[in-house]
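Participant: Turn these sequences into a full structure, and let the hints guide you.
For what it's worth, our numbering labels the leading residue of the sequence shown as 2, then goes sequentially.
Everything labelled a hint here was simulated from the structure, so no lab data went into it.
Be careful, since some hints might not be right.
Computed Cβ-Cβ distance ranges for the label pairs, DEER-style [unchecked claim]: (1) Gly50 x Arg162: 42 to 52 Å; (2) Arg110 x Asp52: 32 to 42 Å; (3) Leu259 x Leu224: 18 to 28 Å; (4) Gly170 x Asp194: 40 to 50 Å; (5) Gln12 x Gly170: 46 to 56 Å; (6) Glu145 x Ala51: 22 to 32 Å; (7) Thr153 x Glu233: 44 to 54 Å; (8) Leu224 x Ser61: 41 to 51 Å; (9) Glu158 x Ser111: 41 to 51 Å; (10) Asp154 x Gly50: 35 to 45 Å; (11) Arg15 x Glu281: 41 to 51 Å; (12) Glu158 x Pro40: 35 to 45 Å; (13) Arg148 x Ala169: 15 to 25 Å.
All figures in this text were calculated on a predicted structure; none of them were measured in a lab.
Glycine included, every Cβ here is placed at the ideal spot set by N, Cα and C.
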Amino acid sequence: MTRDRKPAEHQIHRKSSDGSSPGVFALEAAGLLWLDEGPVRCAPVHDVGADFLELGRIGSAQPTPEAARSFGRALAQTHDLGAEAFGAAPPVPAASSQWTRPAPEEGWRSGWFGPLEQPIEVSLEPTDSWGAFYGGQRLRPMLERLRSRGVTDSELEDIERTTEAIEAGRFDDGDRPARIHGDLWAGNLMWDDQGAVLIDPAAHGDHREQDLAFLSIFGAPHLEEILAGYQEAHPLRDGWQERTGLHQLFVLIAHAVLFDPPRGGSYLGAADRAARSALELL
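Facilitator: Given below as structure tokens:
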């Protein structure tokens, strides 16, 4: 994104971190621009460098049912833009004299998930099969992180069985990769007087039900209206509600890695319940 003139300082939100992983801000900016190609609104990118990202400041307003339904439609249409493959990263934006971004010319093969202070590196390797990507590249490395923290194989039994079934393609449904936000909990969904605005993406190609499952974890305002709007623009496959746990599994395990005490906690328990709900579908 290029602009003729940089906004006034009071209109800029600057994110910075001296110890951030190389490229984390450039990838976030690329994700915002990629998602912004659709009708869903995203925080405007003004500048990005090795240790900072400057975004347009977003106003604040109470979300309405009408705005929520409109967002649901826009999200579905943005998903419909698709991605090169499951796991594919956003493309590197075209060069701009206003950007000092450190982006790899060949694109990204790994990204980050979680808070800026302690992000988890995750794979962005393009993959033809959703199950191979989700099971092998997202869930499997997280399970190894849990084991390294002392979580036992017996505690991970149902999650392991679910991961194996995912890797084997037993949940693949033929859907093409969607262009998803990738960390769409309610805190990354802002509202101003024009409606919804997305921030802090972990954007990549994935199953469209991922974003919807993330929205329901911590509760989004007017969630039923968001889902109704989504269905108007792109009706979901039958049984999508029963697959919510399947699509929440990664974020729950990631939260267990980030926030649970050693040897497990509430997020691991939630992940185990999500895994069992997925196994019941087989």
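Participant: Quick one: which hint numbers does this structure break? Sort them smallest to largest.
Facilitator: 2, 8 and 9
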